[in-house]
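Chains as they are written, first to last, in our numbering: chain A, 1 to 161; chain B, 1 to 272.
Just so you know, the hints here were simulated from the structure itself, not pulled from any lab data. Owing to the predicted nature of the structure, the values given are computational and were not obtained by experimental measurement. For every residue, glycine included, the Cβ atom is placed at its ideal position computed from N, Cα and C. Please note that a few of the clues may not be correct.
[Claimed, not checked] Computed spacing ranges between beta-carbons, pair by pair:
1. A:Gly99 to B:Pro217: 41 to 47 Å
2. A:Lys14 to B:Arg83: 29 to 35 Å
3. A:Arg92 to B:Val44: 29 to 35 Å
4. B:Asp247 to A:Val121: 32 to 38 Å
Here are the chains, one letter per residue:
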Amino acid sequence: MKIKLTINGASYEKDVAENRTLLRFLREDLGLTGTKEGCGAGECGACTVILDGRTVNACMVLAAEVDGASVKTIEGEARDGKLSDIQQAFDRHHAVQCGFCSSGMVLSVRELIERNPRPSVGEIKQGLEGNFCRCTGYTQIIEAVLDVTGQIDRKGEMTHA
Amino acid sequence: MIYNFKYLAPETRGELHAMLADRGPAAALLSGGTDLLVNIRNGVLRPEFVINVKKVKDFGGIAWSAEEGLIIRAGCTINDLLRDARVRADYPLLAACAHDLASYQIRNRATVVGNVANASPCSDMAAALLCLKARAVISSSRGEREVPFPEFFKGVKKTVIRPDEILERIIVPASSAGAPGDYRKLKRINGHDLAIVGVALLKQDGEIRMGISSAAPTPIYVGGLKTSDPADLVVAAALEAVHPISDVRCTREYREHMIQVYVRRLLEEVKA
């Protein structure tokens with residue numbers, strides 16, 4: 001079937017198989033391989049993308065369902081070869097080790113800070129509960145979120161209450 | 001590649017009912033998809049047709065009715081419910097169960113109707129809906145019928161819904177608004193997980209009502225108790241109603257123990 005959608009601001013019109021997941025569509029039909037498949041069952045959050053402003057697991061959405069929607073993937077974070085604010089904060093705090101969870105983590109952080117510009121540590125943990133890091137770098141990821149929301153100084157001292 | 005089904009996206013209630021009348025036994029309804037698509041991927045379900053209910057006109061979100069109360073439609077996600085300030089104020093138990101369901105991303109997609117229609121014994125929303133005396137409105141081309149939640153579940157993954165029918169909306173009665181209640185869910189980890197056992201408890205007009213998940217083939221309703229009853233009696237009623245099993249997540253004895261612990265805690269913590 002034919003679907004029309006916007007991905008990272010660009011319009012696409014594509015034929016997709018009716019049983020194609022959004023995840024496979026992004027990775028295999030469009031070559032947007034920044035979105036990762038971890039468990040394929042909604043446990044790990046590696047495939048997190050932003051669908052019409054809300055994070056979803058792309059492995060649990062059909063491409064057919066996103067006809068007319070707007071999707072943001074990790075490829076939409078950096079602009080003109082420059083990392084986004086969240087990506088730079090992840091870099092500064094060594095919040096990336098193997099990198100497999102990072103695409104989903106960054107997008108979950110993006111949606112979290114859109115709805116809550118100064119999340120507490122508890123709110124960050126809750127906002128990222130659907131994203132697993134197995135390296136594990138949760139502490140650095142939380143620091144990166146505190147940093148990008150102006151709640152930590154660059155020496156690493158938390159100003160957050 | 002997952003199993004090759006035919007995708008259908010009706011836009012009106014009439015079209016949906018006609019599709020179900022024609023293809024019901026070979027079709028699966030797709031709402032949030034957070035259970036269905038995983039089951040299809042794993043080969044547990046092999047429906048010939050997948051019918052997306054989210055594109056049907058007026059099937060999304062919630063509505064309020066002065067006489068009936070809160071109406072939760074088939075496409076209403078868990079987070080649609082949680083984002084509504086009036087839901088959080090009027091039905092705190094509903095919000096508590098919604099908040100404990102899976103992870104944020106899943107709550108953005110999973111629906112209340114799907115969580116109960118799926119009829120998993122560990123349904124978090126069922127625990128709240130049982131306490132709140134909610135009713136399921138089931139429709140088909142033959143008409144509509146209402147089923148109170150204690151009669152809705154028939155077994156593991158089994159409900160009273162027939163192949164040509166859909167659980168179109170849930171009515172949470174206005175008479176249950178304002179009743180204090182809370183949910184305690186035991187999980188293996190502090191993050192998102194299925195319930196090892198879950199206890200919802202609500203107090204209203206001197207009455208205590210409980211909904212217990214993961215402790216029997218269906219979510220269990222326990223009613224007929226009074227706020228003046230001693231805690232031992234309330235605990236005994238809860239343990240009498242459930243039939244937990246031992247499985248990969250824990251033993252029967254642990255489940256029974258934790259039901260007892262949660263009932264006692266909730267009796268103290270939920271202020272009438």
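We went through each hint and held it up to the structure:
{"no.": "1", "hint": "A:Gly99 to B:Pro217: 41 to 47 Å", "in the structure": "43 Å, holds"}
{"no.": "2", "hint": "A:Lys14 to B:Arg83: 29 to 35 Å", "in the structure": "32 Å, holds"}
{"no.": "3", "hint": "A:Arg92 to B:Val44: 29 to 35 Å", "in the structure": "44 Å, violated"}
{"no.": "4", "hint": "B:Asp247 to A:Val121: 32 to 38 Å", "in the structure": "34 Å, holds"}
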